[in-house]
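K.L.:
Between the sequences and the hints, there should be enough to build the whole structure, so can you do that?
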Amino acid sequence: MRFSVVDSIPGSRPKSQWDRESRERLIFLTPAVAYLFLLTVFPFLYSLYLSLYQVKLTRMDRKVFVGFDNYANLLTDSLFLHACLNIGIITGISIVIEIIFGFLAAKIFFALRFSRAGGILRSLSILPMMITPICIGLIFSYILNPTLGIANYLIKGAGLPPPGWLSDQTFALFTISLINSWQWTPFMMLLMLAGLMSIPTEHYEAAEVEGARWWHVARAIEIPAIKSVVLVGVILRVIDNLRFFDIVYVTTRGGPGASTEVVTLFAYKQDYQYFQIGYGSAAAVVILAMSIVITTFAAGYLRRAEGE
Amino acid sequence: MKKILLVASAAAISLAASPGLAQTDWGSILSKHDGEAVNIMSIQDPFIDAVRKMSPQFEALTGAKVTTDGFGYDPLHQKEILACSQKDSQYDVLFIDGIWLGEFADAGCIDPVQDIWSDTDPKIIAWDDYVESFAGQAMWGDKKLCLPVAAYWQMVHYRKDLFDKAGLKPPTTLKETMEDAKFFTNNKDFPGVTGYAMNDQRGAAAGQQYFEWVYSAGGKPWVSNFPGSPAAYADQTPLLNSSESVSIVQFMKDMVAYGPPGVEQFAWDERYNAFAQGNVAMINAWSVQTPGLNDPKISKVAGKWDVAMMPHAEGKESIPPVGGWIMCLNKYSTRKEAAWDFMRWYASPEVHKAAVLAGAPPSRHSAFQDPEVQKAQPWVPTLYEAAKKAWMEGRPRHALTFEMIDAIGLQVNRAIIGEATAQEAMDKANGDVTKLLKDAGYIK
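Top line first, the protein sequences correspond to chains C and D. So the first sequence is numbered by our numbering: it starts at 1 and just counts up by one. So the second sequence is numbered by our numbering: it starts at 1001 and just counts up by one.
Just so you know, these hints were derived from the structure itself, not from any lab. It cannot be assumed that every hint is accurate.
[What the hints assert, rightly or not] Only pairs whose alpha carbons sit at most 20 Å apart, straight line, appear in this in silico EDC-like list of lysine to aspartate or glutamate:
{"id": "1", "chain 1": "D", "residue 1": "K1169", "chain 2": "D", "residue 2": "E1385"}
{"id": "2", "chain 1": "D", "residue 1": "K1079", "chain 2": "C", "residue 2": "D246"}
{"id": "3", "chain 1": "D", "residue 1": "K1087", "chain 2": "C", "residue 2": "D61"}
{"id": "4", "chain 1": "D", "residue 1": "K1331", "chain 2": "C", "residue 2": "D61"}
{"id": "5", "chain 1": "D", "residue 1": "K1438", "chain 2": "C", "residue 2": "D69"}
{"id": "6", "chain 1": "C", "residue 1": "K63", "chain 2": "D", "residue 2": "E1036"}
{"id": "7", "chain 1": "D", "residue 1": "K1087", "chain 2": "D", "residue 2": "D1069"}
{"id": "8", "chain 1": "D", "residue 1": "K1435", "chain 2": "C", "residue 2": "D77"}
{"id": "9", "chain 1": "D", "residue 1": "K1435", "chain 2": "C", "residue 2": "D69"}
{"id": "10", "chain 1": "D", "residue 1": "K1065", "chain 2": "D", "residue 2": "E1036"}
{"id": "11", "chain 1": "C", "residue 1": "K63", "chain 2": "D", "residue 2": "D1106"}
{"id": "12", "chain 1": "D", "residue 1": "K1143", "chain 2": "D", "residue 2": "D1111"}
{"id": "13", "chain 1": "D", "residue 1": "K1144", "chain 2": "D", "residue 2": "E1132"}
{"id": "14", "chain 1": "D", "residue 1": "K1336", "chain 2": "D", "residue 2": "D1121"}
{"id": "15", "chain 1": "D", "residue 1": "K1175", "chain 2": "D", "residue 2": "E1314"}
{"id": "16", "chain 1": "D", "residue 1": "K1182", "chain 2": "D", "residue 2": "D1164"}
{"id": "17", "chain 1": "C", "residue 1": "K156", "chain 2": "C", "residue 2": "D168"}
{"id": "18", "chain 1": "D", "residue 1": "K1438", "chain 2": "C", "residue 2": "D77"}
{"id": "19", "chain 1": "D", "residue 1": "K1428", "chain 2": "C", "residue 2": "D77"}
[To be verified] Short derived list, chain C residues pointing at chain D, Cβ under 10 Å:
{"id": "20", "residue": "N152"}
{"id": "21", "residue": "A172"}
{"id": "22", "residue": "A206"}
{"id": "23", "residue": "G257"}
{"id": "24", "residue": "K269"}
{"id": "25", "residue": "Y272"}
All of these numbers come straight from a predicted model, not from anything done at the bench. The beta-carbon is built from N, C-alpha and C at its ideal position, and this holds for glycine as well.
P.N.:
Structure below.
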């Protein structure tokens, strides 16, 4: 009788059993891998392939290989560069507002955590997150309509000059950021509330005994405790903002001028309005690359922060 | 009973028809299509209601089932192009904007109607009865590709009650337009009213507006495109930064001061709603929107307005914009016979007149000249004048139309909001469009 090395290792299984397990694993994994390949990897590879061509969807038979020209053109396309800058600004403004108001809201709901009304209000406060962004865009375009909207009606009623919320290029980007923040502040609030609830009550009791004021409590106890969840929230929101599209599409279409143009809108227009799918694919690949770089950097930062 | 009524109304259409077709026996012309579907993809414009109102009569005649789906402007363009690229046969009849024709022809999405109408009585097709300025938008080169059944032209819509009170006549020149707009803006005798709302929104709205006005300013967007040009696409070298082009963009910018708050973000609907809600004294608008202004459910100015020809620069002529929807046969339809039967029936002069009386825009000379139509739509004489003076190549119609208009619209809007001067913006537009056309091989 012959024994293989593997068979002789204590606790190891016979080769035939390995084969069976491998086959089973393969059978169970194949659908998921095929699904991922078909819906994620293949479209990505195809986009990569298309991005090397000058091609219009209506005439795929006339595609011309241009190498990396589409990428070179993107880097000199003032509209695309402006869109990159805009999405950075929207992300920055939105996240700052979401953190500030999310923290305040979390503090309020933390104080109301034992009351029934607090629970109801908390549930109501997360409703904006549950509305599709396209509806939010429509709702705000009605509210902020310069002639028929209620916002300007109230402002005029108070005797103030109504701003051009979405029509003035100095306001529009900020307005878009505000709408975005309105929708996602509850998300930050939930994360921070979870963080606050994880703080042992003894810390608060000790602070009270020491005579600490609210800002001492916030700075020394609460902010350190919620720092890691806020970082997770920020990373998620940065990634989310890179694909920010619907609200801009509905409210401003990137205007006035290019003041609210964002990268996804740029790619969308190339792909689905002009059907320039080569250039549009190049834009999509660049957006993906930006997402990967930002995510990798942010994840590394998070790991370091957690290690401290 | 319902079917009898529908057949009776189909017969009534025949009786109401133009003399040459008064006795059209549709039963002998159209085939039976019992149970067969005819699916129509269209813009969600007011004329779609007329299509839906007329369809049961076709169903009664042929047994086919007609379904008309309406979409917004951009979604319709996307759906039609994507369906074409996938050789989709779900829809049989496609309403496309006349300015998309070059793109659709280039992509081979439609079967030219000229190739299939040989067995149809020429009186039913009656091509010469279509108003020339829009009929040309259903042609690509010398070929008639679609049926031009839903034509729009632009007129100035003004508040007659306000103009009468002020003792003013509607403006005929750009200078008068600005003076009148200025007069009504912040005028304590006319509270809550501003002068003029234009299509200033970045993109297609501002881009198309440029083309709506440039010819009346004496300009031309590219070298060989001018009213009456025998070969509009012969030399497409852009002239977007010519003095006439820049002056009309400057005019748009100057008019912002006399528009409602936020006019910089106005597109077609906002412009129309501002007028319908009584907030502006004047707009220029497509004729398809005109009937709605007399509907008290959506308009506060019903009975208080009138129309006039589009203004022009001093010493120039009014060249009204023309646009609208042409009815095309989907190349990939699997029910072409039923679809073509519907198309030729709906587009025929007699059914067209009935459709116009049901709310569709007149597209044929016979409809414009019909006393019943003129009585039902009192603005038709002015519209007919606009239709005859319009230039069919007012906007580009080739495969780069969408991009080109968008690129111009971005720069026009930049000028309007003061991000650039009119000259700077149009220099940039000219450069961008030149690159676009060069890359695509339209110019050298």
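K.L.:
Please work out if K1175(D) and E1314(D) have their alpha carbons no farther apart than 20 Å.
P.N.:
8 Å, holds
K.L.:
Starting from K1087(D), check that the Cα of D1069(D) is at most 20 Å away, please.
P.N.:
Given that 20 Å is the threshold and the Cα spacing comes to 19 Å, the pair holds.
K.L.:
Is the straight-line distance between the alpha-carbon of K1087(D) and that of D61(C) 20 Å or less?
P.N.:
Cα-Cα ~14 Å, so holds.
K.L.:
Tell me if the straight-line CA distance from K1336(D) to D1121(D) falls inside 20 Å.
P.N.:
Roughly 18 Å separates the two Cα atoms, so the pair holds.
K.L.:
Any CB of chain D closer than 10 Å to the CB of Y272(C)?
P.N.:
This interface hint holds because 5 Å falls under the 10 Å limit.
K.L.:
Starting from K63(C), check that the Cα of D1106(D) is at most 20 Å away, please.
P.N.:
Roughly 14 Å separates the two Cα atoms, so the pair holds.
K.L.:
Tell me if the straight-line CA distance from K1438(D) to D69(C) falls inside 20 Å.
P.N.:
15 Å, holds
K.L.:
For the pair we were handed, K1435(D) and D69(C), check the Cα-Cα distance against 20 Å.
P.N.:
14 Å, holds
K.L.:
Are the Cα atoms of K1144(D) and E1132(D) separated by 20 Å or less?
P.N.:
Holds, because 12 Å separates the two Cα atoms, which is no more than 20 Å.
K.L.:
Quick check on the hint: A172(C) CB to chain D CB, less than 10 Å?
P.N.:
Cβ of A172(C) sits 8 Å from chain D, so the hint holds.
K.L.:
Between K1182(D) and D1164(D), does the CA-CA distance stay at or below 20 Å?
P.N.:
16 Å, holds
K.L.:
With 10 Å as the cut and Cβ atoms as the points, is K269(C) at the interface with chain D?
P.N.:
Result: holds, 7 Å to nearest chain D Cβ.
Violated hints, in rising order: 6 and 22; the structure is consistent with all others.
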